[in-house]
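The residues making up each chain are set out below.
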Amino acid sequence: MNKKISMLLIVLLGIAVFASGCIGGGGAKIVWASTQLNPPEERAFVLNELIPPFKEETGIDVEFVPLSYADLSTRLEAEMSSGEVTLDVVADLHGGLDYFNSKGWLTDLSGKIKELQGRTFIESYLQYATDQNGKVFYVPWMSATYVMVVNKEAFKYLPEGLTQEDVMKGTEKWTYDALLEWLENIYKQTGKKAFGLPAGPKGLLHRFIHGYLYPSFTGYETKKFDSPEALEMWDYFKDLWEYTNPASTTWDAMADPLLQGDVLIAWDHTARIKNAITTKPDQFVVVPVPRGPKGRGFIVVLAGLAIPKNAPHQEEAWKLIEYLTRPETQVKVMEKVGFFPTVKEASNAVPEGPLKILVNGVTAQSSTSDALIVMIPNLGEKGGEFSAIYRDAFTRIVLNGEDPESVLKELGPKLHKLFEEVGVPEP
Amino acid sequence: MKIRSSHIPYLLILPAVAYLAFFIGYPLIQALYLAFTKNGAFSLDTVRRATSDPMFWQALKYTILLAITIVPLQLILALILALAVNGSFKGRDFAIYALVIPLTISDVAAGLIWYTMLADYGFLNKLLLNLGLISEPIHFFGYEYRMMEFLAIVIAEVWRATAIVFVILVAGLQMISKEYLEAAEVFGAGYWTRLRKIVIPMLKPSIQSALIIRTLFAMQVFGIVWILAGRDIPVLAGEGFYQLVEIKDYGVASIYALTIAALSILLGALYIKFLKAEYLEVRT
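From first to last, the protein sequence lines stand for chains A and B. Under full-length UniProt numbering, think of the first position of the first sequence as 1, with each following residue one higher. Under full-length UniProt numbering, think of the first position of the second sequence as 1, with each following residue one higher.
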């Protein structure tokens with residue numbers, strides 16, 4: 001009796017497993033695995049608003065499979081080695097796709113991307129999507145970055161020689177030293193420490209250090225971590241902290257402090273300041289970050305779409321990519337989930353309003369002539385340790401006043417070892 | 001099959017034991033495994049990694065410091081309040097309800113409320129500025145003002161969690177038979193004598209449970225500290241969370257969890273040993 005029941009269960013389970021992969025015949029069904037748009041509300045947007053119009057237009061059904069980077073990478077590896085590929089489209093950040101390509105898992109899209117009509121990809125993004133052999137291994141899909149937000153009130157206190165225009169456009173005069181002078185001015189005239197950083201435990205301060213200050217002062221994210229230029233940078237940061245609101249160490253996102261008027265100038269991720277701008281669009285402007293001696297370092301988070309080698313539905317997969325990179329689709333993604341378009345036509349198509357303020361700032365930043373684009377290194381599960389090293393350095397040097405040289409000497413080897421262990425070249 | 005009556009007690013506690021084994025025993029073993037092994041073999045590597053980080057000792061220090069500041073304050077305050085509402089007067093029920101309200105608020109929400117109250121341009125500073133008592137806002141938050149952050153945490157915790165001690169003490173007070181107090185009064189004992197000789201000794205079981213609950217919660221304090229001070233004032237639970245979620249070092253995170261567990265067990269045992277409940281009935 002018991003045996004029969006368990007046999008029955010096994011058979012049922014087998015049918016269920018089999019059916020889950022096969023049902024939905026008729027039109028083709030493609031599988032789209034993504035490490036992006038995975039939080040529930042974003043996933044709902046994909047399922048209810050992004051995929052249905054595509055299905056209606058082409059008759060192709062899409063199964064959206066949200067995965068973590070680790071799961072996606074394991075699954076691709078397994079599929080590649082067994083030769084039974086089930087994934088048709090893969091969406092991931094640049095670092096991940098770069099790794100997949102280095103393993104030879106991705107299809108060459110150089111021919112196809114040229115055929116795309118009515119869209120111009122931002123050149124630097126397309127450069128990232130092309131490897132040394134000239135192979136385009138993914139199509140740039142969405143981007144995000146970190147910018148500065150200025151309360152218009154602050155423009156009253158601009159230091160001599162710096163104009164509002166300089167700041168908004170990111171000219172040569174908009175430097176970190178100019179920022180310091182500006183903040184000093186505000187402090188002298190109002191007694192306010194007007195700069196804000198997300199230095200709370202879940203804030204993204206480490207990105208400011210490794211992706212903005214370090215490249216702007218040393219030219220690299222990690223290579224010159226303990227160089228003389230880095231010491232200069234830390235001296236600058238200590239000065240900057242004098243005019244930074246001390247409560248910064250309790251802030252995880254800058255939207256609220258900006259809205260409350262606790263700070264007038266703040267740096268943060270676009271998604272984390274969006275709320276301030278949508279709430280009071282007349283009050284704030286988004287501007288490019290200042291430049292340092294080595295250029296204007298800033299992070300671009302770039303997500304792309306790729307087709308694995310031997311994917312079962314190559315043609316249909318390409319149609320999905322074509323649909324997702326259309327300017328009108330990109331505007332929709334921007335409005336709903338706050339990721340920025342990768343094609344120029346979409347940036348121009350954003351309607352006037354709060355989002356336009358964001359787009360203008362981001363576009364101004366990415367089109368500055370001294371742009372020094374930085375990618376977050378792909379260290380997998382060691383990413384946390386990487387961030388912790390920069391945060392440690394900040395706590396010890398800026399907050400505790402320890403000697404920068406000895407702190408960097410101690411942390412430097414740890415940082416370099418991290419890259420060695422993972423086998424990723426240091427940026 | 002007939003169940004022998006001697007087996008019944010075991011059968012009855014079986015569900016509870018199964019529950020404990022699954023939801024407490026299993027995670028505990030997992031935590032021990034994560035903390036004391038490396039590549040499948042016994043190793044103290046993770047322990048060394050956790051304890052060589054000065055943050056660990058800071059977290060331990062601040063957790064204990066917070067507990068010994070907050071718990072006695074709460075006990076005294078709750079005792080005063082409980083004695084105050086123990087008599088019968090008009091509006092007594094309302095007073096009890098009002099005092100218990102903070103209990104319904106989560107620690108995170110309480111943290112947010114006090115953050116907005118004490119921020120640079122929050123309610124308190126605005127009030128003092130407008131009254132002309134201060135010319136510049138008092139800074140409560142930020143690494144440079146850790147003393148003030150500590151104070152803010154104490155205020156918020158006392159405001160939020162005194163109510164639980166209060167409720168336990170009120171219940172305890174109501175259990176004390178009026179006859180003892182009346183008898184004492186007849187023999188001429190004043191309020192203080194009655195309080196010292198009758199009320200407090202008879203309240204000891206309630207005080208004990210209130211202290212155990214409060215101290216154990218103090219070991220796990222997290223939400224309020226996280227919101228008011230971030231990691232400026234590290235506490236064990238907060239550092240455990242940080243290691244788990246941000247650094248993804250599961251081993252070190254388990255060390256923090258195990259430290260909290262060990263502290264809780266130790267303190268619970270100490271309370272039970274040294275605060276033996278006394279009943280007047282048996283003390284002849």
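Don't take every hint at face value.
[Stated by the list, open to error] What follows is a list of derived Cβ distance ranges for each label pair:
hint, chain 1, residue 1, chain 2, residue 2, range
1, B, L124, A, G191, 16 to 26 Å
2, A, E57, B, L28, 49 to 59 Å
3, B, T51, A, K173, 43 to 53 Å
[As the list claims (entries may be wrong)] Subject to a maximum C-alpha distance of 20 Å in a straight line, what follows is the list of computed SDA-like cross-link-like pairs (lysine to any residue):
hint, chain 1, residue 1, chain 2, residue 2
4, A, K414, B, S135
5, A, K382, B, K248
6, A, K188, B, S135
7, A, K414, B, K248
8, B, K248, A, D392
9, A, K202, B, V245
10, B, K248, A, E42
11, A, K202, B, F222
12, A, K382, B, R49
13, A, K414, B, G251
14, B, K126, A, T190
15, A, K202, B, T116
16, A, K417, B, R49
17, A, K103, A, S82
18, B, K248, A, D252
19, B, K248, A, T130
20, A, K414, B, M55
21, A, K202, B, D249
22, A, K55, A, E42
23, A, K382, B, T116
24, A, K202, B, Y250
Simulated from the structure, these hints should not be mistaken for lab results. Heads up, the beta-carbon is just placed ideally off N, CA and C, and yes, glycines get one too.
Hint check:
Range check, B:L124 to A:G191: about 18 Å between beta-carbon atoms, so the 16 to 26 Å window is met. Evaluation of the 49 to 59 Å hint for A:E57 and B:L28 yields a pass: the beta carbon distance comes to about 55 Å. For the pair B:T51 and A:K173, the supplied restraint of 43 to 53 Å holds, since their beta-carbon distance comes to about 50 Å. With a CA separation close to 47 Å, the supplied pair A:K414 and B:S135 exceeds the 20 Å bound.
A C-alpha spacing of about 8 Å is found between A:K382 and B:K248, which places the hinted pair at or below 20 Å, so the restraint holds. In summary, the hint linking A:K188 to B:S135 is supported, as the alpha carbons are separated by about 15 Å, within the 20 Å threshold. Only pairs whose Cα atoms come within 20 Å are accepted, and A:K414 paired with B:K248 is accepted, the gap being roughly 17 Å. Of the supplied pair hints, the one linking B:K248 and A:D392 holds, its CA atoms being roughly 16 Å apart against a limit of 20 Å.
Between A:K202 and B:V245 the alpha-carbon distance is near 9 Å, which keeps this suggested pair within the 20 Å criterion. At most 20 Å may separate the alpha-carbon atoms for a hinted pair to count; B:K248 and A:E42 exceed this at roughly 24 Å. Of the supplied pair hints, the one linking A:K202 and B:F222 holds, its CA atoms being roughly 14 Å apart against a limit of 20 Å. A distance of roughly 16 Å separates the Cα atoms of A:K382 and B:R49; the hinted pair therefore holds under the 20 Å criterion.
Taking the CA atoms of A:K414 and B:G251, the gap is about 19 Å. The hint holds against a cut of 20 Å. Taking the CA atoms of B:K126 and A:T190, the gap is near 16 Å; set against the 20 Å cutoff, the hint holds. Pair hint A:K202 plus B:T116 holds up; C-alpha atoms about 19 Å apart against a cutoff of 20 Å. About 16 Å separates the Cα atoms of A:K417 and B:R49, which keeps this hinted pair within 20 Å; it holds.
Our distance criterion of 20 Å between C-alpha atoms is met by A:K103 and A:S82, whose separation comes to about 15 Å. For the given pair, B:K248 sits about 19 Å from A:D252 by alpha-carbon distance, which is consistent with the 20 Å threshold. As the CA atoms of B:K248 and A:T130 are separated by approximately 32 Å, the hinted pair breaks the 20 Å bound. Using a Cα cut-off of 20 Å, the hinted pair A:K414 and B:M55 holds, with the two alpha carbons roughly 18 Å apart.
Between A:K202 and B:D249 the CA atoms are separated by roughly 16 Å; this keeps the pair inside 20 Å, and the hint holds. Of the supplied pair hints, the one linking A:K55 and A:E42 holds, its CA atoms being roughly 19 Å apart against a limit of 20 Å. As the CA atoms of A:K382 and B:T116 are separated by approximately 36 Å, the hinted pair breaks the 20 Å bound. In summary, the hint linking A:K202 to B:Y250 is supported, as the alpha carbons are separated by about 18 Å, within the 20 Å threshold.
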